[in-house]
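Let chain D serve as the given structure and place chain V on it in line with the hints.
For the record, the sequence lines run as chains D and V. Residues in the first sequence are numbered consecutively from 13, following the numbering used here. Residues in the second sequence are numbered consecutively from 13, following the numbering used here.
Keep in mind that the hints are not guaranteed to be accurate.
Copies of one chain are not kept apart here, so a pair can be met inside one copy or by any two copies together.
Said to hold, decoys possible - Here are the computed lysine-lysine pairs in the DSS-like style, where the Cα-Cα straight-line distance is at most 30 Å:
no.: 1; residue 1: Lys16; residue 2: Lys329
no.: 2; residue 1: Lys336; residue 2: Lys195
no.: 3; residue 1: Lys329; residue 2: Lys111
no.: 4; residue 1: Lys336; residue 2: Lys86
no.: 5; residue 1: Lys209; residue 2: Lys195
no.: 6; residue 1: Lys124; residue 2: Lys86
no.: 7; residue 1: Lys336; residue 2: Lys209
no.: 8; residue 1: Lys271; residue 2: Lys163
no.: 9; residue 1: Lys336; residue 2: Lys111
no.: 10; residue 1: Lys124; residue 2: Lys329
no.: 11; residue 1: Lys163; residue 2: Lys195
no.: 12; residue 1: Lys329; residue 2: Lys86
no.: 13; residue 1: Lys124; residue 2: Lys71
no.: 14; residue 1: Lys209; residue 2: Lys163
no.: 15; residue 1: Lys98; residue 2: Lys86
no.: 16; residue 1: Lys271; residue 2: Lys329
no.: 17; residue 1: Lys56; residue 2: Lys16
no.: 18; residue 1: Lys336; residue 2: Lys163
no.: 19; residue 1: Lys98; residue 2: Lys111
no.: 20; residue 1: Lys329; residue 2: Lys195
Derived from the structure by calculation, the hints contain no laboratory data.
Chain by chain, the residues run as shown.
Number of protein chains: 2
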Amino acid sequence: MSSKINIGIVGYGNLGKGVESAITQNEDLTLHAVFTRRDPSTLKVNSGVPVYALGDVEKFVNEIDVMILCGGSKDDLPEQGPALAKHFNTVDSFDTHAKIPDYFETVDATAKPNGKTAIISVGWDPGLFSINRLYGEAILPEGATYTFWGKGLSQGHSDAIRRIAGVKGAVQYTIPVEEAVDKVRSGSQPTLTTREKHTRECYVVLEEGADATVVEQTIVSMPDYFSDYDTTVHFINEQQLAEEHSTMPHGGFVIRSGKTGTSSNQVMEFSLTLDSNPEFTSSVLVAYARAAFRMNQNGETGAKTVFDVAPGLLSSKSAHDLRKELL
Amino acid sequence: MSSKINIGIVGYGNLGKGVESAITQNEDLTLHAVFTRRDPSTLKVNSGVPVYALGDVEKFVNEIDVMILCGGSKDDLPEQGPALAKHFNTVDSFDTHAKIPDYFETVDATAKPNGKTAIISVGWDPGLFSINRLYGEAILPEGATYTFWGKGLSQGHSDAIRRIAGVKGAVQYTIPVEEAVDKVRSGSQPTLTTREKHTRECYVVLEEGADATVVEQTIVSMPDYFSDYDTTVHFINEQQLAEEHSTMPHGGFVIRSGKTGTSSNQVMEFSLTLDSNPEFTSSVLVAYARAAFRMNQNGETGAKTVFDVAPGLLSSKSAHDLRKELL
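Bound conformation, chain D alone:
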C-alpha cells in the first residue's frame, strides 16, 4: 500500500469516470481499482487500473481506504450503500431528498457497528447547496431561503419525455426565471409560485409518423413534471440533438435573504455555473472521500452527511497552512 489514500470506485458511468478523472487532480489520493456489476473483462477504464467484479469486493478490505459509490439513487445505492459500509469507508451521492432520513439510518446501521465512516448524499444538491441553506438559516434566522436550479439539463425530466409514445430522443433544460432571481436578490423576500421560479425547455426528436401536437400536449400537461411550469417544446432532428445537446451543463443558486437589527437587509448567495454536472459532482465526492478517511482515523464512525464534516477535513493542506493561507 502507498502512503496515499487508496480509493475504489463502484460503478463506471458518468459519475465513476468523473471520479477517476478528479482523483488525478489530488496528489494525496490514488485510484486503486474499479468495481462493476458487468463482466469486468468487458470494461476498459481510462486510467488502466484493474477492474473487478463487485461480488469480489470483500477481498479488497485491506487495500482500499475509501470506496466512492457511483451508482444511481433509485436502484443501486439503497442496496450497495448499506452493504459496502459494512466493509469500507464510503462516500455516495444519494439524492432522493425525501428518502434521505431512511437511507441515513440504513447505512448507519451497518457502518457504525463495523467502525466504518459513510458520508451520504454528497454532491451539490444535496451537498454544497444544503450547506449553504444551513449557513443561511443559522446566521440569518429571520429570513427566507430560495433555491433556483439551472440553466441545466435535468435527467429525470428528459427521461420522462423519452417515455412518451412517438418520442425518439429528448433533453429538458430547467431555467431559473431572471426576474424572480432579481427580486430575491433585492432582499424583498417575495413569495414565489413554482411557475414563477423556473421555466422548462424541451428539445424533442420524434419517431417517424408521430404527431407533434399530441406529443407537445402530452409533455406540457404531464403532472408533477411539467403541468405546474411554463414549458416550451422545440422539435429538432437527431443530428441537432447529438451536436447541440450532448453536454450536461447545470448549476443554480441558493439565496438567503434576512433582516438584522431594525431594518437591515442582508443577502447571502451561493451559485454554481457548471459545464459538466457529473464531473463537478465527482469532484465534490473526491474531496469528501479525503474527509471520510480522516474522520475514520479520528474515530468518527457511522453514517455522516456534509453537515457533519468540518470544512478543513476536505483540504489536503494542514490546519496550520489553511489558517495561514486561506483564513
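Structure of chain V alone, referenced to chain D:
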C-alpha cells in the same frame, strides 16, 4: 441558570450592539451580561441586561457559557483573547489576516490547558469567505480563487483619510470593477492587477481653509492605501456626510474557477450584499457561539477556526431535522 446557552458580550461598540440584537433572533440563546472597560454605571445597554466591569469578569465563570469578544483586532483582542479563553469559551472576530497564525497559538495556549473552546477570526472575511476559498480549492484543485470586496465602506481607509491635515470627516467605499468580476465569472481565469480588481471612492469634508487640491493629491498618492488604485475624491459638506454616508454597507464575492475532465469550466461563487457590515458580522459570531458551546460539551477544546467547525453545529436544529429539512 436557564436551559438556554448563556452569552456574555465583551465590548459594547457596533459589534457588541449587533450581537445583543442578533441573540434575540435565536431562541436557544440568552444574553446574560455585558462587560466593559468603561465605568459600567455610565453604560446603558439596549436590552437592559446588567453591565459589569471587565475586571470583574472572573466572578462570572459559572454563569456564562460563551463569551463573545467584540473588541478590535489591533489593541483589544491580542490581550483579551488569550486572557478570557483561560476562563470562558470564546468567539471573536480577529481579522488581521497576517497575524492569525500567531494569535491562534496564543489563544490555544490558554484555552487548551483550561478545557475551554475558543473560535477565533469569525465573521465574513475572515470567516465565511475563508470557508468558500477552502471549499473552492478542495473541490476544484486545478483553478484560481478570486476575492472581491464591496461595494462597501472600508473603516481602515476612511480612518487613513481622516488623519490627513485639513480633513474634517471622510468615508471611503471599495468598489469591485464589474468587468473584472465578469471576466472571472466567465471561467477564463484572468490574471488581474490590484488596479484592475477594485476602485476606491472617497467622500471628504474639508476643514475651513483647507486646500482641496493638496488633500486630493495626498489621498490618491498614499502608498498601500490608495496609490495602487484608481481613486476618485468627492468633496461634500458635513450635512451630506451625515445624511448620505452614515450606514455601513459592505459585501463582496469569492469566486473559484476551475477545470475538470478535459475541458469543462466549473465556477463556484459565494457573495454577500450587506446593508450593515457590523450587524452581519455579529450574526455570524452568534451562530458560532452556539457551535463553541457544543464543541466544548463534546470535549473539543483549544483554539479553533471556522475551518474546524462542522456546519451542523451552527444550527439550533437537531441533526435529524437538518437531514430531513435542509439536505
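So, going through the hints one by one against the coordinates:
1. Lys16 - Lys329: within (14 Å within a copy, 37 Å between copies)
2. Lys336 - Lys195: between (38 Å within a copy, 28 Å between copies)
3. Lys329 - Lys111: between (35 Å within a copy, 19 Å between copies)
4. Lys336 - Lys86: between (43 Å within a copy, 18 Å between copies)
5. Lys209 - Lys195: both (11 Å within a copy, 27 Å between copies)
6. Lys124 - Lys86: Within one copy only: 24 Å inside, 47 Å across.
7. Lys336 - Lys209: Between copies only: 23 Å across, 41 Å inside.
8. Lys271 - Lys163: Classified as both: same-chain Cα gap 29 Å, cross-chain 19 Å, threshold 30 Å.
9. Lys336 - Lys111: between (40 Å within a copy, 9 Å between copies)
10. Lys124 - Lys329: both (28 Å within a copy, 23 Å between copies)
11. Lys163 - Lys195: both (18 Å within a copy, 19 Å between copies)
12. Lys329 - Lys86: between (36 Å within a copy, 28 Å between copies)
13. Lys124 - Lys71: For Lys124 and Lys71, the Cα distance is within 30 Å only inside one copy (21 Å; across copies 43 Å).
14. Lys209 - Lys163: both (12 Å within a copy, 28 Å between copies)
15. Lys98 - Lys86: Classified as within; 20 Å inside a copy, 52 Å across copies.
16. Lys271 - Lys329: For Lys271 and Lys329, the Cα distance is within 30 Å only across copies (20 Å; inside one copy 36 Å).
17. Lys56 - Lys16: Within. Shortest intra-copy distance 24 Å satisfies the 30 Å Cα cut-off; inter-copy 59 Å does not.
18. Lys336 - Lys163: between (37 Å within a copy, 26 Å between copies)
19. Lys98 - Lys111: Within one copy only: 20 Å inside a chain, 45 Å across chains, cut-off 30 Å.
20. Lys329 - Lys195: Between. Shortest inter-copy distance 28 Å satisfies the 30 Å Cα cut-off; intra-copy 39 Å does not.
Hint violations for this structure: none, all hints satisfied.
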